[in-house]
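As you go down the protein sequences, you meet chains A and B in turn. First residue of the first sequence? That's 119 in the working numbering, and the numbers climb one at a time after it. First residue of the second sequence? That's 7 in the working numbering, and the numbers climb one at a time after it.
In case anyone wonders, no lab produced these hints; they're calculated from the structure. Take these hints with a grain of salt, some might be off.
As the list claims (entries may be wrong) - Just the calculated beta-carbon pair ranges, DEER-fashion:
#	chain 1	residue 1	chain 2	residue 2	range
1	A	F353	B	N90	15 to 23 Å
2	B	K95	A	N693	40 to 48 Å
3	A	T551	B	N90	41 to 49 Å
Unchecked claim - Residues from chain B that face chain A, not an exhaustive set, calculated with beta carbons under 8 Å:
#	residue
4	E31
5	M42
6	G62
7	A64
8	T67
9	D71
10	L86
11	K104
12	P107
13	P118
14	I120
15	A184
16	F185
17	A199
The C-beta atom is built at its ideal place from N, Cα and C for all residues, glycine as well.
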Amino acid sequence: MHKLLVDQPGATKFLLGNEAIARGAIEAGVAFTSTYPGTPSSEISLNFFQMSRESDLYFEYSTNEKVALEVAAAAANAGVRSMCVMKHVGVNVAADTLMTLAYVGVRGGLVILTADDPYMFSSQNEQDNRYYGKLSGLPILEPSSAEEAKEMMDYAFELSEQLQEPVLFRTTTRLNHSTAPVVLGEMKKRVTSGDFPKDPFNYVTVPAVSRKLHVKLLKNLEKAEALACESAYNFIKGSGGWGIICNGVSYNYVTDAVRDLNIADKVKVLRVGFSHPMPKTLIQSFIKDCEKVLVVEEGEPFMEEMVKAFAQEIQYTNPVKGKDPELFSRLFEFDPAMVRSNIAKYFGVSYDAKDLTDLSDIPELPQRPPTLCAGCSHRAVFYAVNQATEGAGTIRTTDIGCYTLGFLPPLSAGDFLICMGSSVSTGCGFSKTTDKKVISFIGDSTFFHSGIPGLVNAVFNNHDVNLIILDNQITAMTGHQPHPGVDMKGMNYNGFNQISIESVVKGLGVEHISVIKPYNVKKSIAAIKEAIAHKGVSVIIARQGCTLFEKSLKKHVGKPFYVSDKCKNHKNCLNDLGCPAFYVEEDKVRINAALCSGCGVCAQICPEHAILPLK
Amino acid sequence: MDITRLIIVAVGGQGNLLSSKVLGEAACRLGVPVRMSEIHGMAQRGGVVESAMIFGDAQSTIISDGEADLFLAFEPLEALRALNRCNSKTIVITNTSKLPPFTAAIGKGTYPDIEIIKGLIQSKVGQLITLDANALAKEAGNELSVNMVLLGALIETNVLPITADSIHEAISETTKKAFVETNIKAVELGRSAVKQ
Ligand SMILES: Cc1ncc(C[n+]2csc(CCOP(=O)(O)OP(=O)(O)O)c2C)c(N)n1
Ligand code: SF4
Ligand code: SF4
């Protein structure tokens, strides 16, 4: 049985934050779940997926976050407790839905989990999604630890049903990926089906209806504010003349700092776990007898701005600070020592910061950047593109996935990237405004997620771009999740269909389509040359399963290669391909047989035919 | 309870996440408060993986620079790279078996001599313990049990309130059945390698 389905109230388990969240949702009786994967949220969905295979929990990997939210919004409006999981930038994709869903509301509880990523451990930006609460008018809950996240999940569903609107559940990487002992609770019964009573004058958002619904939303906001002021998740610890207001993981750093600085009798701490709408009267009564107030929050001054506004209303004129050149930054994540020293500085507590180790005599160390795996088909495609376009000035717009790593030398296959799905559309813009040939790269999962509208645009507006779809038949970057082009039956998952990328591309009316096998270097180069020569939209589908995934399925059984003594040391393999299975010994290229996947690409590009399969 | 902070660094694929999991499970069994956090975004693509584990009554799940009491490195270059996490009292345990990054393997950048690495670390921390965990893993019967060898060496420092028995139990519970025996053997080899 899945470890998050065991019925053992009171048992303590050592759970990852994301597991605690998934368990919390199960305990709350969630019955319908959807997602588009994204770090740091992915393990929540993975656990839902696994549990859905052995219980009546419904889960789906949806095409993108907007779709995931719409599917869940309808389920919740049929009265079924639903949850939709995404990373912070996923909410941008779902934002159109979110903003008006806030007007429409829900009948059964709907929790939307947004996993923010301060410091951008694995993201393209570090936007602070608490502003989505403000923008949409929806409540936000923010736990500080794995145990609290589990517990808060039930409250989130209750709150959603009480207010009849979705609740945003905001985490950050350090919560999603931290592990702690968590005590399991009772599991509510899952109610997996309901009904949708028709009421078009409340559910069809024509202007006349929406005008009414916006009034309802604002009334709800007032109700929510009163609830926030009473919520057990907005609590005060300690008493004293100094005030600290904090949220999320910052609360942990504050708690440790108060102990380390020995100031428990001088400071009181307001932990805000229900952060939108901000609990105004609670905050006003908290600050009114403080000598000074410090707001400790990662990201934007979301609480600080509100605290200052609330202070102004009650003519509180003592200092309130947070984001400040001398204190906290909007950049990156916090850490315990930073919070400790800023608290000491702001309140004038003497404290000896530990001297940092002097590292000035450490030599420059060779970097260890993440790279495409040995034998990754993306590398083979990029190599072929470089050969096919040698000497021709090209602009390569790229997209998000493992293949983004190809932007590094020696492949240098990526000049421009904004967000998922942007490769084709930005390619269109560059092709109209420069005299360079544009090649766009997109992964298969990203193609389905948001690449199709860009391709439609390219065809309709007759742009001159070559799109290469890197079809490795899985969503590799985020941990090998399925997508609509994946052969689910082949992986023993029944009940799915498979969508052919060729048929989609053909259906859109692309004139020049070819399918290549990236491990066949010569043919790939020829096909790319042909596609680029085509004026207008051309699409190449480069199809080869992800090496790492196939290895994990024990599917790939290529023999490793070695460099024979025919090698004349041209080093083309090293300088143009750069597979991480290569190493140099006494100035000769060698292949690490334990890493080599046997793709044979290096063997094909060696001018001496010196690279051979091991017998 | 006193707070002990442990940082583990490794290269993706070396299995450090399993060793921190086993350690955490063992702490849970003994009722020792424990929290940990991991950054493993690009682990599978050969990047560096770091775990922070905090034993005792702390709320934070991460460790600031210079604040590790214990520092366990699966790879000597990564030990040196992450030395900013240590202070003059930190106990450092490092594997001496090298895993040169691709950059160094193809001659872009030089991998420092192992004796230089040891000397630099030794000069900046409280104590340096070294062992060839890869050789011991082989001896245990599974090259992939480097993580268990190092776990053994770590608990043998007796800085953590974790017993060898509880590690054995946690291994039996969390690792694959087929590997339990070699994993336990690896832990014991790691322990005896660093016994004073
Ligand atoms: C809006 C949004 N959602 C999710 C992500 C997380 N994410 C990054 S890349 C990726 C998918 C990559 O899959 P694919 O395009 O098939 O490329 P591969 O990694 O397999 O090479 C995802 C889900 C994101 N960056 N932005
Ligand atoms: S996980 Fe797959 S797609 Fe990603 S780099 Fe490795 S082989 Fe390539
Ligand atoms: S055959 Fe060559 S390119 Fe392919 S994985 Fe092995 S060393 Fe790398």
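Hints, verified against the model:
no., hint, in the structure
1, A:F353 - B:N90: 15 to 23 Å, "violated (36 Å)"
2, B:K95 - A:N693: 40 to 48 Å, "holds (46 Å)"
3, A:T551 - B:N90: 41 to 49 Å, "holds (45 Å)"
4, E31, "holds (5 Å)"
5, M42, "holds (5 Å)"
6, G62, "violated (11 Å)"
7, A64, "holds (5 Å)"
8, T67, "holds (4 Å)"
9, D71, "holds (6 Å)"
10, L86, "holds (6 Å)"
11, K104, "violated (11 Å)"
12, P107, "holds (4 Å)"
13, P118, "holds (6 Å)"
14, I120, "violated (13 Å)"
15, A184, "violated (15 Å)"
16, F185, "violated (17 Å)"
17, A199, "violated (24 Å)"
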